[in-house]
Amino acid sequence: MFLALRELRFARGRFTLMGIVIALISVLVVMLSGLSSGLVNDGVSGLKSMPATAFAFDEGTMTDNAFSRSVVDDEQLAVWQDAEGVAEAEPMGVNIVNGVTDDDTQIDLTLFGVEPAGFLTPQVSSGDGLGAVGGIVVSEPLRDAGISVGTVITLDRLDVELTVVGFTQGQATFGHVDVAYLPIDTWRLIVAGQSQPGAPTQEQVDALDFAYSSVVALKAADGAEIDFEAVDADAGTTTMTLTEAFNASPGYEAETLTLSMIQVFLYVICALVVGAFFTVWTIQRTHDIAVLRAVGASSRYLLRDSLAQAAILLIGFTAIGVAAGVGMGALMPDAMPFDLEFEPIAVASVLTIVLGLIGAAVAVVRITRVDPARALGGQR
Amino acid sequence: MNDFDVAPALEVTDAVLELGDGDSRVRALDSVSLTVMPGEFVAIVGPSGSGKSSLLAIAGALGQPDSGTVKVHGTDLGSLSRRARTRFRLHNIGFVFQSGNLLPALTAADQLRLAGRLAGNRRVDAEALLASVDMAHRAGHRPSELSGGERQRVGIARALVNSPSLLLVDEPTAALDRRRSHEVVQLLADKAHSAGVAVVMVTHDRDVLEHCDQVVEMVDGRLGVPALVS
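The listed protein sequences derive, respectively, from chains C and U. Taking the working numbering, the leading residue of the first sequence gets 1, the next gets one more, and so forth. Taking the working numbering, the leading residue of the second sequence gets 381, the next gets one more, and so forth.
If you're looking for bench data, these hints aren't it; they were derived computationally from the structure. Glycine residues also receive a C-beta, built at the ideal position from the N, C-alpha and C atoms. Wrong hints could be hidden among the right ones.
Claimed, not checked - Chain U side only, calculated, beta carbon under 7 Å to chain C, not exhaustive:
#	residue
1	Pro427
2	Gln444
3	Ser447
4	Leu460
5	Ala464
6	Leu470
7	Phe475
8	Leu494
9	Asp550
10	Val595
11	Val599
Stated by the list, open to error - Anything over 10 Å on all C-beta distances counts as not near chain U; from chain C, calculated:
#	residue
12	Arg9
13	Gly38
14	Ala230
15	Ser298
16	Leu376
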């Protein structure tokens, strides 16, 4: 690195310009990473926080919006409850509703109907857990919308009144809409269209004859492998693992694919830009390289030195870009789904550096083809 | 000085080298033979295109002749692999290039330190070596801050860092005025005689030949009769 460091200092103007480009790419990578994480969390944080292994949808349900399209019955549920390797199988209801709070604030909610004492019941950060027929546990960030324990939310058209009894631990959203957990029987009452205006009552629930839900949520026994294909055939269902089920959230796949594609383009651009810079830089110093080779520098030494130079440039300015990106991310408006998470940013930064190094490596390989005899004579 | 005292420092025998392709193919070296003993300072003079640089290239293991042999202190360069030639060059042959050919990013002292590091020597006493060519006071200056003569002096010091037994010098006075030309060539002669280093210098400049022990003329790829030293 003896030569690499001195050249960096000597040609600091050129390297700084190149570094600024790398830093700007890194800022964009961080912003896209933050947006990706934000959109993922905004789209499926409700699912991500669930301790489920997989979800069984009605057979043949189209993947997109599958949670709201699928309808499964108690017979399908029973098959899964008896299946080998399944520790727990519970009905889960999903649908998105509009409502208004008692102070006339309009609000959208994704209703997650779950068994109150089941494995899907959310942990609460404050208030009570799920249990009361008309009680809902809502996503923590709804506090910022003025919701508190005791707030009554009236569902549009149905005039069903649900009372907030607690908040989840952290954000719980589905399809960019905050989740409200409620007992599966109350969810069935609402979806079956047999609810009455006002707060749901136990009598209404007891009188309901509606043995359907959206999906069957599954939890595998410790160390067990479930034969999804065989049980699906018996139950007439199509199973998706928890991660696969993210794609069943409205718009999830389209959003994440779009951002992933932009990120891939950025990585390619980074490799090309760094490669182009080091190509020009190597061509500019061809005569110096010929002199070094003539005095006995090995190709390995020169390649190692040049790659070290590229690595210093990439690591230094990627770090600056990431720091700037994180700083800018902190200024993002609340309305924008933007979450800075260590892992995706670290992965994106490493990819930027590695692909930049590959671009530089392709460029500096030409060092090995420089004829040391070019050092002789007066031409430069 | 290395352990080669009895053998000639450089022994070129019947070297033939052709360059170019097809109609543009020319014989750059035509049965060239040359022997230089340790401590001897030999000048090769001749017009442009006469093959001087080609001779320097094969003598310095930068290229290989199509036929004939090149030995440096008994080692046949043709028997070495490319990597071995590079290593041999690093430890046994020093180059002084036209205009110094110093690396623009490095100070005078760093030029010497880099040459040492290439050979695995991280403790080069750059200041002492620069002092030996009267350049200690310019140790911290980059090539752009040095005059042509100063650059050549640094280039000579760099070539001597790894104590080579053969010094190949390419047109060292091309960009220098008469006084500085004499100073630089005198310095080379001093190094040759004091350190026992064999020096082969190619040059157009006949004014500096008085410092050389032997002068040979090169025309159309052939080494001719010794030219008169003025």
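Cross-check of the supplied hints:
no., hint, result
1, Pro427, "14 Å, violated"
2, Gln444, "11 Å, violated"
3, Ser447, "18 Å, violated"
4, Leu460, "13 Å, violated"
5, Ala464, "11 Å, violated"
6, Leu470, "3 Å, holds"
7, Phe475, "5 Å, holds"
8, Leu494, "6 Å, holds"
9, Asp550, "5 Å, holds"
10, Val595, "20 Å, violated"
11, Val599, "18 Å, violated"
12, Arg9, "7 Å, violated"
13, Gly38, "44 Å, holds"
14, Ala230, "62 Å, holds"
15, Ser298, "6 Å, violated"
16, Leu376, "5 Å, violated"
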